[in-house]
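**Student:** So the protein lines, in turn, are chains F and W.
Mind the numbering: the first sequence is residues 1 to 114 in the working numbering, read in order.
Mind the numbering: the second sequence is residues 1 to 110 in the working numbering, read in order.
Since the hints were made in silico from the structure, they are not lab data.
Each hint should be verified, as a subset may be incorrect.
Covered stretches of chain W (in silico footprint by chain F; criterion: 3 or more residues with CB under 8 angstroms from a CB of chain F, positions within the stretch not fixed) [claimed, not checked]:
{"id": "1", "segment": "41–54"}
{"id": "2", "segment": "72–83"}
{"id": "3", "segment": "97–108"}
Glycine included, C-beta positions come from ideal geometry on N, C-alpha and C.
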Amino acid sequence: DAGVTQSPTHLIKTRGQHVTLRCSPISGHKSVSWYQQVLGQGPQFIFQYYEKEERGRGNFPDRFSARQFPNYSSELNVNALLLGDSALYLCASTWHRGEGNTIYFGEGSWLTVV
Amino acid sequence: EDKVVQSPLSLVVHEGDTVTLNCSYEVTNFRSLLWYKQEKKAPTFLFMLTSSGIEKKSGRLSSILDKKELFSILNITATQTGDSAVYLCAVIQGAQKLVFGQGTRLTINP
């Protein structure tokens, strides 16, 4: 069975540009979350989507947006990129929002903003 | 403010040693505590702890949660070079939001 898949794995963008990152959850998983991990720190929560609706949002500016599609895949969009947006962006999936569900991570997308 | 604090931040030991990694938390609406191993990219799931005092084991790794004192430990016995990684502690808050600690970077020297 495929795990959580993310694309692209690496990308380089220029300040001010826009980026779209994609995530496909484990088959059967309906909840997708996005995390940003800056080098040397733990991941920080950005968004959670469940059944195509936003269910949670972390402390990130409005330049960050996301959506979930009918097949439960998800996109994270970041506008007007800043140097500080350089990070590993992780997607996590779980079956549903209830207790006791293990959360699995994808390999991540390395974003470098120059 | 919700926070998860891990200690030590960095640890270097010799192969065969036993290590204990610490995680304390102050998080509202606590659900469970998870441990992950991160080598290069994706954090790999190790344990989920929901009840106090029940040790979970997987090979040379074990972990326990104390919900009264708000901490958890991860033990690794007979360490091997393949155990070198960053170990992340995270608390599930509310509906599946994870609050992570900074991680402990463990280096095992041969």
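**Student:** With reference to the structure, classify each hint as holding or not holding.
**Tutor:** Now for the hints, and whether the structure bears them out:
1. 41–54: This one holds; 7 residues, not fewer than the three required, reach chain F with a Cβ under 8 angstroms.
2. 72–83: violated (count 0)
3. 97–108: holds (count 7)
In this structure, the one hint that does not hold is number 2.
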